[in-house]
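Under the numbering used here, the letters of the sequence shown match residues 2 to 419, in that order.
Where hints are given, some of them may not hold.
Said to hold, decoys possible - Here are the simulated lysine to any residue pairs, SDA-like style, with alpha carbons at most 25 angstroms apart:
#1 Lys-342 to Val-282
#2 Lys-233 to Ala-396
#3 Lys-62 to Glu-133
#4 Lys-100 to Asp-124
#5 Lys-342 to Glu-416
#6 Lys-233 to Leu-406
#7 Lys-342 to Ser-390
#8 Lys-138 to Ala-120
#9 Lys-62 to Leu-114
#10 Lys-152 to Arg-289
#11 Lys-127 to His-58
#12 Lys-62 to Asp-176
#13 Lys-100 to Ser-88
#14 Lys-62 to Gln-211
#15 Lys-100 to Val-376
#16 Lys-233 to Ser-397
#17 Lys-216 to Leu-114
#18 Lys-138 to Arg-115
#19 Lys-138 to Tyr-86
#20 Lys-342 to Cys-256
#21 Lys-152 to Val-235
#22 Lys-62 to Lys-152
#23 Lys-138 to His-58
#24 Lys-127 to Arg-175
#25 Lys-62 to Pro-27
I should point out that these hints are in silico values taken from the structure, not numbers from a laboratory.
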Amino acid sequence: MNEGANGPYTLHTLENGLRIVIERMPDVRSAAVGFLVRTGARDEEASEAGVSHFLEHMMFKGTPRRTWREITIDFDRMGSTYNAYTSEDRTMFYGWVPKAAIGRQLELLADMLRSTLPAGEFDTEKNVILEEIAMAKDNLEHVAFDFLQEKVFAGHPLAWPILGYEETVSALTRDTMMAYFERRYAPDNLYLVVAGNVDPKAIIGLAEEQCGSWKASGTACDRVPPTLRVGKDVEHVDRFQQQFVALTFPSVSACDARAETADAAASILGGENSRLFWNIVQQGIAPRAGAYHLDYTDCGAMLLYGACQPESTEMLLDAIRSEADRICREPVQADEVARVKNRRRTSLAIEGETPYYRLTQLMDDLEYLGAPRTVEQMLADVEAVSVDSIHAYFASFPVNVAGHLTCVGPRTEVEVAK
């Protein structure tokens with residue numbers, strides 16, 4: 002990434018490798034700042050599954066300058082809307098404040114990212130994570146999605162859940178976490194992203210002051226693309242009253258030029274006011290049915306899913322497969338495409354006017370495309386979606402083939418139509 006201005010952006014890289022991306026929004030009264038750490042569940046060893054999410058929690062637990070209580074109070078003192086999250090391929094920390102507080106917000110987040118991983122807080126927070134894992138087991142869709150990932154991505158790091166497993170989190174030591182932290186939270190594996198009414202030069206000066214002494218790891222963090230499995234996997238879980246089913250098919254990655262088309266295709270098939278909604282939910286076959294484009298930097302999947310009474314499982318599957326076959330054989334309607342594009346345009350317009358949402362858009366672009374896009378460029382990608390591009394997508398990535406069937410709930414078996 003070259004230093005200097007690039008359209009509405011200021012791009013700068015510190016000597017230690019920390020990449021800074023700033024979008025100035027002079028017409029707003031606030032600003033958002035975030036650190037994007039290019040690490041997540043897929044970067045863990047199997048024995049340390051869950052360490053990325055656990056580490057995210059520990060960033061709030063104490064630094065050389067602040068206790069966990071002081072971190073929380075300092076967020077409140079500047080009126081910050083703040084949070085953090087961990088996914089399969091990234092961890093994000095952010096704060097959204099009035100423009101006058103952006104310097105204090107950047108300093109606080111930078112301080113947090115040099116956490117001491119306080120030993121006294123480690124075991125306490127481990128119990129919190131274990132409680133999260135236990136709570137997740139009470140959610141059918143959470144259990145089903147973890148099972149789906151485990152089977153579809155078997156043999157690959159995408160197979161384990163973001164929260165990890167009881168056994169791996171229980172066995173995790175502070176030393177193991179510290180080694181992971183030093184390897185993955187190095188400045189040459191981070192982005193500092195700022196959006197809002199800010200002075201780019203001042204932001205760069207603050208970043209140099211707060212982060213310039215961080216040591217680069219110089220460690221290559223290569224990722225290996227997975228191979229999606231086909232077949233059928235059923236998990237018997239009798240504590241649930243519904244059966245969850247999902248059909249998974251290969252799709253484009255988030256880096257692919259067809260990603261916007263894939264998202265639109267998923268919306269037409271299984272989004273708001275979609276075919277699955279009108280022909281399954283509204284017909285009383287099942288209370289939930291939809292489609293989702295799951296995308297990572299190097300792979301993608303199209304998920305068609307639903308939940309129903311156990312005795313209706315085969316009827317639901319037949320209905321999903323019928324709609325999947327129809328959308329592959331027949332071009333979608335122009336009105337369907339127009340409605341999906343209109344919703345997407347509105348969403349982008351609203352998000353593009355708000356520093357926090359603009360921050361997340363920039364982070365997506367940096368992770369997936371390596372460079373930021375303006376809202377106008379994003380809208381141009383939406384405009385390029387058409388009946389023909391969606392038809393071409395399904396010709397290349399059909400959903401009327403075998404794929405992978407995941408079934409979770411009281412049923413011990415499910416019949417698959419020949």
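Of the hints given before, which are not true for this structure? 4, 5, 8, 13, 18, 22, 25
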